[in-house]
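Enquirer: With the hints as a guide, bring both chains together as one complex.
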Amino acid sequence: MLKITDLKCYYGRIQAVKGITLSVGPGEVVSLIGANGSGKSTVLQAVCGLLQRWEGTILFQGSSVKGLNPPEIVRRGISLVPEGRMIFAPLSVLDNLKLGAYSRSRKNPKSNFEEDLEKALTLFPVLRERINQPAGTLSGGEQQMLAVSRALMARPSMLLLDEPCMGLAPMMVNKILDTIALLKSRGMTILLVEQNARAALQIADRGYVLETGKMVYEGRAADLLADPAITNAYLGIAATPKMKPETAAASLGLTF
Amino acid sequence: MQELLQYIFSGLTNGAIYAVIALGFSILYGATRLINFAHGEFVMLGALGLITLWQGLKIPLAIALVLAVLGVALIGFLFERLAIRTVSRPEPIVLIIITVGASIFLRGVGMLVWGKDAHSAPAFFSFAPIDVMGAKLLAQSIWILVVVVALTFALHAFFKKTLVGKAMTAASISKKAAWLTGIPYEWMILLAFVLSTATGAVAGVIITPITMCSYDMGTLLGLKGFCSAMLGGLGSLWGALAGGIVLGVLESLGAGFLSSGYKDAIAFGLLLAILYIRPSGIFGAKDLHRF
Chain A
133 MLKITDLKCY YGRIQAVKGI TLSVGPGEVV SLIGANGSGK STVLQAVCGL LQRWEGTILF
193 QGSSVKGLNP PEIVRRGISL VPEGRMIFAP LSVLDNLKLG AYSRSRKNPK SNFEEDLEKA
253 LTLFPVLRER INQPAGTLSG GEQQMLAVSR ALMARPSMLL LDEPCMGLAP MMVNKILDTI
313 ALLKSRGMTI LLVEQNARAA LQIADRGYVL ETGKMVYEGR AADLLADPAI TNAYLGIAAT
373 PKMKPETAAA SLGLTF
Chain B
818 MQELLQYIFS GLTNGAIYAV IALGFSILYG ATRLINFAHG EFVMLGALGL ITLWQGLKIP
878 LAIALVLAVL GVALIGFLFE RLAIRTVSRP EPIVLIIITV GASIFLRGVG MLVWGKDAHS
938 APAFFSFAPI DVMGAKLLAQ SIWILVVVVA LTFALHAFFK KTLVGKAMTA ASISKKAAWL
998 TGIPYEWMIL LAFVLSTATG AVAGVIITPI TMCSYDMGTL LGLKGFCSAM LGGLGSLWGA
1058 LAGGIVLGVL ESLGAGFLSS GYKDAIAFGL LLAILYIRPS GIFGAKDLHR F
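As you go down the protein sequences, you meet chains A and B in turn. Each residue of the first sequence is one higher than the last, beginning at 133 in this note's numbering. Each residue of the second sequence is one higher than the last, beginning at 818 in this note's numbering.
Extracted from the complex, chain B is given alone in its bound form (with noise of 0.2 Å):
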């Protein structure tokens, strides 16, 4: 009991991490159709820019944090702008592989500047961890999992009550239509971008305390995010935190249970079975082709 009790609180944490990250996904996926491959890469900027920030340069932790994911945010922007607007032939496919090649680029630019060893940082928090029933659960997993339901919340209020998120609902449902309308489309392309960049960012400086950051941590938990975007149905903010949540516990039940080399393998297993038999995801519209 004991065992099975730690194994959900490690696979909760590991969970809300990829719901973060598949927010992200969602997000983008919701105003452009676009599956943007170089979202982990800005998980790994906003670690890796929370550790120079808080240790490197002893900035205060609250400023720190706040420094760090509009950092991330302002590169997202630029990314959208330099790379993704001035493209002469906007198809998906020209898109996608541009995304690719930010990854590429990124993840080089990662390894320039904080180098091939792996960071950390201390907790956030000096609480001691909670037993429950002889399971231990950090202060850590705490933060991190209100993080994460707060961060949906607020986006889900963002898109639900707020006009300029309502554009954003309008310019995804229809270009032609949020145009005549007078939304102005590009600037909501731009917002969608900045938003899901920055929910990266977000990502990324929850988990540097309790994993060791470095410049290639993108690539793994871009998937994993991928992966629980899918699973919940891209698009869908409340898909993209259960899918989360249930990518993360059953990924760290089967690492605990059967072996942790299959801690990956479950996550690429449900992909591809989600795949198969429900495209969409759990919460995914029926038809992924609505216009």
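Just chain A, with the same shape it has in the complex (with noise of 0.2 Å):
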């Protein structure tokens, strides 16, 4: 669906993702994880559109998504949750899942809008009890769950995921990665981006390495679970029990 060739991007000069090739197959739940500043979300940015410059190929569905502002690989069916939420903050939350169909409504007003409100409504429940509140009153979490509906309001083929769980209470976390999870088995395509690399393996399918722009490791998620070298690099000790305690002290530098 997603197939990424060589892709280099750049900011100004530096260039910050250095021939990264990725692909992302249909009803996909693919994770990009890598320490901050390895062009995770570099990646995605080029994909929707937000950054221009870059080289190799980047095909969606088939057809070449360069030259395209964001709005028109929206119209083609990615949709990016961006990292920070951006929701629109004065608005309420309402008015934000309608801007969330703007794409659609414009050619066709009547566009099951509704249906898809419930849809989003369903998914969400909190979001129904603050319809009409500004949406920068909502919490956190809440408002992931809003930047979510609203870029399913799109009704995208597929879901850009940045960060969606960055700075979220652990109950929210979760709450999160289970919507992810509801999606990936409605047969939403996803590709996500998530420092937790843990939780963010746990529910993919597969899952990509990056380190300071170049992919380091790529395999099924379950695979890259089970590799110690991934564990200790990325996951962390504090989040893998099963480790002995040897390991883990060896991975603190500590010596019996």
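None of these hints come from the bench; they were simulated from the model.
The calculated lysine-lysine pairs, modelled on DSS-like cross-linking and capped at a C-alpha distance of 25 Å, are: (1) B:Lys993 / A:Lys198; (2) A:Lys230 / A:Lys316; (3) A:Lys198 / B:Lys992; (4) A:Lys150 / A:Lys140; (5) B:Lys978 / A:Lys230; (6) B:Lys978 / A:Lys251; (7) B:Lys993 / A:Lys230; (8) A:Lys316 / A:Lys251; (9) A:Lys150 / A:Lys198; (10) A:Lys316 / A:Lys135; (11) B:Lys993 / A:Lys140; (12) A:Lys251 / A:Lys307; (13) B:Lys933 / B:Lys875; (14) A:Lys230 / A:Lys307; (15) A:Lys346 / A:Lys150; (16) B:Lys992 / A:Lys230; (17) B:Lys978 / B:Lys992; (18) B:Lys977 / A:Lys230; (19) B:Lys1080 / B:Lys953.
Expert: Printed below as a string of structure tokens:
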């Protein structure tokens, strides 16, 4: 569905992504993990049209997205839930959702908006309670739910999620992860960028590991989770209770 | 009492004009954070355009009004497309200087087309002035007030009730978020320019019967409109309305009771005062730098 080949991205003269290749098949959830500044978000920005300076090819459903601006890419069927949520804070929850459907309601004013709204509110019942509140008054987790719903209102065939769990309470993190799993079970194709690598791999089919702009590992999510090299480098010991004490100590630089 | 009332009536009329001009500033600022210093020239184009269409070409008033406003909106469209969109580094200072350049250019065009002489038009309706406790209220003044309030309500409804209006608000909140939501940001900017210049033309056409219109009328009107917009809080529609009325009435009272020589000084003194005391205006958000 999405096929990225030899992607190189630039910020001015700095090369942030140094030739990566990645693919996401229909209905697949793929996690892109890596440390801060490894270029994960940059890849998403190139796909959704925010970043224009890149080389290589990005094919979505067989056609290139080069030179398209973000609204055109939304109309092609890719929606990004941006890092930091970027909801329209002064507008009501309902207005945020209406604007999510903007790209298709302009063409076809009665394009089942009510039906999609109902779906979104069933997915996140808390939004129904807050439907007329300004979006800025929502909690962080609720804002994230709104951001995901707003993206879904465009009826994308693929969803890009940039750090959806960042800065959320653990309960909210679980809620967001459950939602991603639910969307997957409904056949949504998802490319997920997440700092919380363990969680991201647990719900993904496949995973890619990015390090300073280069792809260092790729494989089935389960294999990546089982690979000690990756668990040590990216998943942290706190989240790996099954790790042997010696290994844990070694990764902390302790010796017995 | 009669004198006071007369000053207030004339202040309300002028204030209503300032308010319509301020609406134009606010619409554009709300969407783009840009002050269009050529806005007054669009008022001039509306006024002189109407005089040519109505008095020169003998087109019926109603049609001439619509044509004048649409014509100016078209010029606003071209202005955005040719002068604003094409800028390779769209930084605020660059864009503002472009609008200053456009104002000089449009004034020059106005002088070439309409000459240096002032023009005027008869009243739209031939009603006798209404007598209120000895003070005279012109029919045209009532008409202007009605148009201003109706325009403010209409714009308010557009921004609060329609999807396109909300999308414009969204675009003004964050370009990136609007883009990612699938809102064509460029179209929203273009629409803001067209709406803003069209309201400028509305201000121009409704004042033709009560003022002398010439190619350079836009400069002072534009500045007064800008004062009103600042006074009310840039970006706020109701603020523009209130700012315009307050400025018009204060100006008129000052001119009447002190000296007519102070008329413009009052406007700009007020602008300085508001910039010192409350830069965000009466109705403006506390924080001017939202993003």
